[in-house]
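Residue numbers (the numbering used here), protein chains in the order written: chain A, 1 to 407; chain B, 1 to 186.
Hints were generated in silico from the structure; no laboratory data involved.
Being a predicted model, the structure only gives us computed values, none of them experimental.
Beta carbons are placed, not taken as given, at the ideal position from N, Cα and C, and that holds for glycine.
Treat the hints with care, since some could be wrong.
Claimed, not checked - Example chain B residues on the side facing chain A (calculated, C-beta under 8 Å, incomplete):
1. L18
2. G24
3. R25
4. A28
5. T38
6. Q39
7. Y63
8. P64
9. F83
10. M119
11. L182
12. T183
13. L184
Said to hold, decoys possible - Quick partial rundown of chain B residues pointing at chain A, CB under 8 Å, derived from the structure:
14. M21
15. L29
16. V35
17. F62
18. T163
19. L166
As the list claims (entries may be wrong) - The following label-pair restraints were derived from C-beta to C-beta distances:
20. L82/A to Q147/B: 26 to 32 Å
21. L82/A to R127/B: 57 to 63 Å
22. R86/B to P375/A: 35 to 41 Å
23. K82/B to E394/A: 44 to 50 Å
24. A385/A to N34/B: 20 to 26 Å
Residue strings, one per chain:
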Amino acid sequence: MDSKAKVLAVRQGRYCVQADPAGVLTGTHFLDGDQACCEGALAAGCRFAAGYPITPSTEIVERFAQRAPLVGGIFLQMEDELASSIAIAGAVWAGAKAFTVTSGPGFSLMMEHIGFAVMTETPLVIVDVQRGGPSTGLPTLPGQADMMQARWGSHGDYEIIALSPNSPQECFDLTIDAFNLAEQYRVPVFLMMDECVGHMTEKVVIPPPGEIEIVPRRYTSLPPSQYLPYRADAHGVPEMVRAGDGYPIHITGLTHDERGYPATNYQAQEQLVRRLINKIRQHTDEIVRYEETTLDDAEIVVVAYGITARVAMQAVQMARERGIAAGLLRPIVVWPFLEKRLRELANQARAFVVAEINCGQIVQEVERAVSGRAPVVLVPGAGGAVHHPEEILEAILTHASTREVLR
Amino acid sequence: MSPVEIQISGFGGQGVVLAGMTIGRGLALFEGYNVSLTQSFGPEARGGACSVQLVVSRDPIFYPYITRPSILVTLSQEAYRKFTPRLQEGKDSILLVEEDLVQPGATPPSARIHAVPAMRLAEELGRKMVLNMVVVGFFAAITGLLQPDSAQRAIGESVPQGTQALNLAAFEKGFDCGTRQLTLPT
Numbered sequence: 001m002d003s004k005a006k007v008l009a010v011r012q013g014r015y016c017v018q019a020d021p022a023g024v025l026t027g028t029h030f031l032d033g034d035q036a037c038c039e040g041a042l043a044a045g046c047r048f049a050a051g052y053p054i055t056p057s058t059e060i061v062e063r064f065a066q067r068a069p070l071v072g073g074i075f076l077q078m079e080d081e082l083a084s085s086i087a088i089a090g091a092v093w094a095g096a097k098a099f100t101v102t103s104g105p106g107f108s109l110m111m112e113h114i115g116f117a118v119m120t121e122t123p124l125v126i127v128d129v130q131r132g133g134p135s136t137g138l139p140t141l142p143g144q145a146d147m148m149q150a151r152w153g154s155h156g157d158y159e160i161i162a163l164s165p166n167s168p169q170e171c172f173d174l175t176i177d178a179f180n181l182a183e184q185y186r187v188p189v190f191l192m193m194d195e196c197v198g199h200m201t202e203k204v205v206i207p208p209p210g211e212i213e214i215v216p217r218r219y220t221s222l223p224p225s226q227y228l229p230y231r232a233d234a235h236g237v238p239e240m241v242r243a244g245d246g247y248p249i250h251i252t253g254l255t256h257d258e259r260g261y262p263a264t265n266y267q268a269q270e271q272l273v274r275r276l277i278n279k280i281r282q283h284t285d286e287i288v289r290y291e292e293t294t295l296d297d298a299e300i301v302v303v304a305y306g307i308t309a310r311v312a313m314q315a316v317q318m319a320r321e322r323g324i325a326a327g328l329l330r331p332i333v334v335w336p337f338l339e340k341r342l343r344e345l346a347n348q349a350r351a352f353v354v355a356e357i358n359c360g361q362i363v364q365e366v367e368r369a370v371s372g373r374a375p376v377v378l379v380p381g382a383g384g385a386v387h388h389p390e391e392i393l394e395a396i397l398t399h400a401s402t403r404e405v406l407r
Numbered sequence: 001m002s003p004v005e006i007q008i009s010g011f012g013g014q015g016v017v018l019a020g021m022t023i024g025r026g027l028a029l030f031e032g033y034n035v036s037l038t039q040s041f042g043p044e045a046r047g048g049a050c051s052v053q054l055v056v057s058r059d060p061i062f063y064p065y066i067t068r069p070s071i072l073v074t075l076s077q078e079a080y081r082k083f084t085p086r087l088q089e090g091k092d093s094i095l096l097v098e099e100d101l102v103q104p105g106a107t108p109p110s111a112r113i114h115a116v117p118a119m120r121l122a123e124e125l126g127r128k129m130v131l132n133m134v135v136v137g138f139f140a141a142i143t144g145l146l147q148p149d150s151a152q153r154a155i156g157e158s159v160p161q162g163t164q165a166l167n168l169a170a171f172e173k174g175f176d177c178g179t180r181q182l183t184l185p186t
């Protein structure tokens with residue numbers, strides 16, 4: 001599947017504009033993932049960031065703080081991550097595109113305001129450069145153990161969108177996508193980086209502004225007398241207004257009606273929460289993105305995301321060199337999950353091998369989708385290092401029909 | 001082409017990371033290589049072991065870390081002691097050392113070894129902090145991996161505004177030193 005074609009399809013009928021040249025550092029650069037993420041945010045039109053420094057994410061806002069004044073943006077260093085995560089919500093309602101960046105311990109502190117952003121349909125982007133946890137864990141070393149926290153970390157029922165870049169180039173590209181998805185669905189979107197991708201330096205190509213598609217905020221065209229802030233369109237997404245533009249608005253985390261007024265009853269809850277969930281679930285096919293490598297004839301399907309997908313790619317190549325039909329399924333959008341594609345692959349796969357730098361998170365989703373039709377094997381990592389390709393290769397070899405001795 | 005693994009190491013404050021960034025930028029942007037650069041350093045601002053690793057390849061790079069470098073630069077005794085054992089064995093490997101700061105032990109590795117008095121050459125320019133660009137020049141001359149033109153363009157983009165001329169002069173000193181060593185009988 002051509003993911004670009006898919007993105008275009010999603011955007012059909014939707015309003016897109018070209019990027020504001022002021023924020024686009026067009027050219028070929030040698031950047032680390034953190035710096036590329038910052039450039040992605042600026043290219044996407046983000047002009048407000050609030051954050052509290054935490055390794056390995058700090059370089060993103062360090063660069064933002066340097067670059068923002070040149071493009072009319074603002075960076076605020078806040079007292080902590082609670083403040084950062086609510087400051088960006090305030091900036092969004094004041095009309096800015098906004099994001100914050102953090103790592104595990106700070107991500108934990110942001111959970112309350114993530115739920116608030118979901119409930120108030122505040123489009124914002126949160127970047128989590130994952131390191132080893134729990135707690136302060138391994139500040140300077142990689143992990144992928146916040147994947148379930150991104151999905152379920154705040155209380156209550158909700159759906160969000162999360163993307164997982166595997167290179168500095170994708171840190172740039174997917175940050176733009178994250179901002180676009182946030183506007184399109186009015187939902188917090190997570191960029192789930194990791195220390196390796198964040199601190200790794202590679203070539204990053206930033207295209208001209210005319211080649212970068214931006215989804216602008218969808219402001220209402222209705223007059224204040226007719227505007228209902230939480231009346232949704234056919235896609236389940238309401239139109240926005242800016243605070244101070246003369247529209248009556250009430251933004252609350254309490255269950256609310258279409259006017260935005262608290263309506264703390266069963267009927268309002270059913271209507272609101274189901275819509276919040278359905279606006280993502282019913283568009284899962286449009287949001288989901290993945291990359292497939294040599295899956296056509298694959299009997300071993302390796303599933304890996306972020307930096308682990310690159311390492312897994314090497315393992316898949318090594319397996320192919322040994323005559324084993326292995327392939328890689330790489331979720332680019334991790335939430336919502338690519339369940340449908342996995343169900344299809346379960347018809348052909350002899351086994352699924354899931355590699356991730358945690359002790360079993362996304363593997364549970366794979367198991368759920370595969371539903372017992374093939375063995376699902378986890379190649380775990382507690383954090384602190386990326387896998388070595390041989391670890392993944394070993395799991396591939398163990399479950400291949402033609403077994404050869406490793407090395 | 002199988003990937004070339006390069007490690008540049010020393011102590012914090014020597015400009016090891018900037019040297020690695022300059023080499024990486026030159027190879028990635030002006031020589032058309034795929035380059036993945038990773039760094040490791042302690043929490044200290046100065047002192048402490050510091051190292052930059054580069055994987056360089058014409059093919060896509062999947063695993064971004066080095067396993068056994070074939071080119072190793074050591075600018076401190078600690079880095080020499082720590083990283084030399086991982087250098088690939090044989091005459092195809094290259095070990096570059098800072099002449100005054102590193103004393104190869106009684107059993108040096110089997111690699112081709114070249115020493116550069118980077119600190120002294122930098123001091124001749126009046127600023128010993130440009131020793132890292134002397135090293136970049138020496139690296140370019142000895143390895144032949146990075147063309148001088150690419151290195152100079154990379155330096156222009158990597159060093160602070162207003163210091164380009166000084167850094168380019170440092171590069172020249174290192175490059176000339178390396179070229180002389182290659183032309184002299186060993």
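Hint check:
no.	hint	in the structure
1	L18	12 Å, violated
2	G24	6 Å, holds
3	R25	4 Å, holds
4	A28	5 Å, holds
5	T38	5 Å, holds
6	Q39	7 Å, holds
7	Y63	5 Å, holds
8	P64	5 Å, holds
9	F83	18 Å, violated
10	M119	26 Å, violated
11	L182	28 Å, violated
12	T183	32 Å, violated
13	L184	34 Å, violated
14	M21	7 Å, holds
15	L29	6 Å, holds
16	V35	6 Å, holds
17	F62	4 Å, holds
18	T163	18 Å, violated
19	L166	21 Å, violated
20	L82/A to Q147/B: 26 to 32 Å	52 Å, violated
21	L82/A to R127/B: 57 to 63 Å	46 Å, violated
22	R86/B to P375/A: 35 to 41 Å	37 Å, holds
23	K82/B to E394/A: 44 to 50 Å	29 Å, violated
24	A385/A to N34/B: 20 to 26 Å	22 Å, holds
Violated hints, in rising order: 1, 9, 10, 11, 12, 13, 18, 19, 20, 21 and 23; the structure is consistent with all others.
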